[in-house]
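Hey, can you work out the whole structure from these sequences and the hints?
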Amino acid sequence: MIKNRLTWKIGGKAGEGIMATGMIFSQSCSCGGLHIYDINEYPSLIKGGHNTLQVRVEDREIFSQVKGVNILIALNKETILLHKDELVDGGGIIYDSSEVIDDKEMRKNIRFYPIPLNDIIKEIGAQAIMKNNVALGASIALIDYDFGIVGEVIRDNFKRKGDKIIDENTRSAKAGYDFIKKNFKNDFEYGLEKTGKPGRMLLTGNDAICMGAIRAGCKFYSAYPMTPASSILHFMAAQERRFNIVVKHTEDEISAINMAIGAGFTGARAMCGTSGGGFCLMSEGYGLAGMLEVPIVIVMSMRPGPSTGMPTWSEQGDLKFVLNASQGDFPRPVLVPGDIEESFYLTGEAFNIAEKYQTPVIVLSDKNLAESHKTTEKFDEKKIAIDRGSFASPDDLAASSDTTFFKRYKYTENGISPRTIPGMKKGIYTGASDEHDEEGNIREDADIRIKMMQKRGRKMMALSKELKQPELAGPNGADITIIAAGSTKGPIKEAMILIEKEGFKVNYLQIVYLNPFPSEKVAKVIESAKKTVVVENNFSGQLADIIKEKTGRDVNKRVLKYDGRPFYPEEIVTAIKEVAHG
Amino acid sequence: MVNMTVLNTIDKPNWCPGCGDFGILVALKGAVVELNIEQENIVLVSGIGCSGKLPHWIRTYGLHGIHGRALPVASAVKLANNELTVFAVGGDGDGYGIGMCHFIHAMRRNIDMTYIVHNNMIYGLTTGQTSPTSEKGMRTKSTPSGVIEVPVNPIALAISTGATFVARSFAGDVKHLQKTIVDAVKHRGFSLVDVFQQCVSFNHVNTYDWYKQRVYDLSTAGHDPADKLKAFTKSQEWGDHIPVGVFYKVLQPTYEDELPQIKDKPLVKQPIDNIDIGGLMDDFV
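Sequence order for the protein chains is A and B.
Residue numbering for the first sequence follows this note's numbering, beginning at 135 and increasing consecutively.
Residue numbering for the second sequence follows this note's numbering, beginning at 7 and increasing consecutively.
No lab work stands behind these hints: they were computed from the structure.
Check each hint, because a few of them may be wrong.
Per the computed footprint, the stretches of chain A lying under chain B, defined by three or more beta-carbons under 8 Å from a beta-carbon of chain B, are [stated by the list, open to error]:
1) 365-378
2) 411-423
3) 555-564
4) 634-643
Using N, Cα and C, we set each Cβ at its ideal position, and we do this for glycine too.
Here you go:
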């Protein structure tokens, strides 16, 4: 039996509670000290359609999904037909025995575990929705995992709903467990057992962004619901009274960003969040924040476009969009977390950069990172320390005139001017979306325009000196150097593990700061690499284009995927081998 | 003490000579002095248009933002620091055209702030196109054959949408306007002050005289602003006699009243130095 290395998958119609059942499985593994990485697939509808949740479990830290499913819970026949070929040899399908399975449709070398889900439910007097739990329990028996842990997780998850619900859920799962133990031989080839220490968090990238924001003192969050950013709104709203945050579901994204600007102008740390379509609406406000020099953080969580695109799927097709959205040049730092830890720490950093450099900062994520769960060690919250930047000193204020506005946009060497907020005596000014002088008065004089553009521009130069340069991960003198940004980090790390076993030397440069772009470092890496490939989830190779623009250098190969699905490590391995041999 | 002089700015208004905006600025300054609110505790948020420049010509905190978006900015200023006195100013195009969606939702929220709309029934800064309050049939650069739509009725809209103080005034009667603004600020909740204002350059129909001949004060006509249905009836009056004054006024809990997060202290005054998320992380274990 292969222990502690498997992928468990559940599929069925939307609205059947698949995600909830999957979470019980994931949490049960996490509570047993195992590591999890999950990935959900679902259509943009509420009832019906086809949903899946795929959970990879191992006893080492894992960074992405992999090919090959060991155990498939099929809550309908469609799941079997769609996913049977994903099963590894020796893998098993748990399904409702009332489904008629036509053998001709099936593949070889897998096992079938028909279970009379409806009969079991009736027998134990549970509701029909509990079928999932019966199947879950059956899968636990098959992989010979400790049912006690599952019971604890169910108890924990439903404690607010009362004993009756806990009991019904537990009995259903146990009935499925018992059915397998009683009716099938204990010879399934894949299993799980408790190991190591539990105590890790099980969370998504969006959860981590919210935790980072809360730790960084975010006091105002405004958003309009849009997948895959909606769960940030839900998280922040659920925590608003615990952490004294005002969370506003606004009438649209235009209002969301303008509200964040209002709160940021007034001195509260403010954030708004959306996906590409909503960011289209935010574009004008994005430039306003740049012009007013108001600190805000914008979470932009990508999904496939153009237009509505594929709302519940993943892509990295908005890299150029965020770098070019809104009219005119203004300082626009863009931070791209590659995993859940970075989602936390970079969000904290985004708030500091926003206030220090008095400009809007984008945290660029995607559905794959936003919604996939991973077991993660608790964050070191001390690593997010608050830096509120340069507020006007009492001396600055005392020196200001009683008849003019405060020099809120004072020309300085690094472009950062002393900031005042409403309520500060003698700090009075009017911020203008029009070009303005040091006091915010509207000015169209050529020399003022030039000075003010340069002042704002210098902030970006100062920031680029402060940011950490990207580091090559992996062996020196590699045959192939991968350059990538964002959520491709997970599958790339897994691919590097796989390919090392095949004798290839591959290293990886992760771009964390898309703007200001680490041009020198990237140029140097391309220069000294034997072969370079970019790996990105979009159609045209936007990161490769940006690299070309910023460094004047081409990479050898663009490995692109734009079907809405994230990369699997195996796909990256194949692509790398092609480049290596080519 | 706040006085008219300290509110003055070095830059002087560059509105057209004879523009109704001057009356609005004078009345607003007069209201601030009368209310004796410290300058640094006032925030004036504007959008784009001739009205949008107003915050540059009164020494309080100001944010001259983008077209139609003054209300969301102003709303969040208030939510971030509910000790401030917050105004939004805009024009009929800014507030009832491009910003209409925010107008409706801001009223629904009843955040304690005052919204002053410079309503001249035309687009001024873009040189004379139709506005949402232009009358049917009015010929403008963008409607050379006459406006086809019926105009927006901001007063009726406000009464029906949740504004808790709904008034109209006239820039040609600074005394009335100042009193209306004072009452609007004193009112706890969202106050709309729609201000009739002549555009001397582009609206040659709805002139100073046009307004002057038509307006009459509701307060002298025995109107009871507590009566929502009567207020609605009054909002329908148009033609030879047009009412100004307070149409409707009701006390309702404000949006801020419903937020325990800011009951003790405004958001901006809450410490953020070392927020403990240990318990939050435990929730995910």
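Original post:
Under a C-beta cut-off of less than 8 Å, do 3 or more residues of the segment 411-423 of chain A approach chain B closely enough to confirm the stated coverage?
Top reply: Contact hint for the segment 411-423 of chain A vs chain B: holds, 3 residues under 8 Å.
Original post:
Taking a Cβ-to-Cβ distance below 8 Å as contact, does the segment 555-564 of chain A have at least three residues touching chain B?
Top reply: Satisfied; 10 residues make the cut.
Original post:
Do three or more residues of the segment 634-643 of chain A come closer than 8 Å to chain B, measuring C-beta to C-beta?
Top reply: violated (count 0)
Subject >> Verdict on chain B covering the segment 365-378 of chain A, where coverage means 3 or more residues with a C-beta closer than 8 Å >> reply: holds (count 6)
Figure legend: structure checked against the earlier numbered hints; the only hint not met is number 4.
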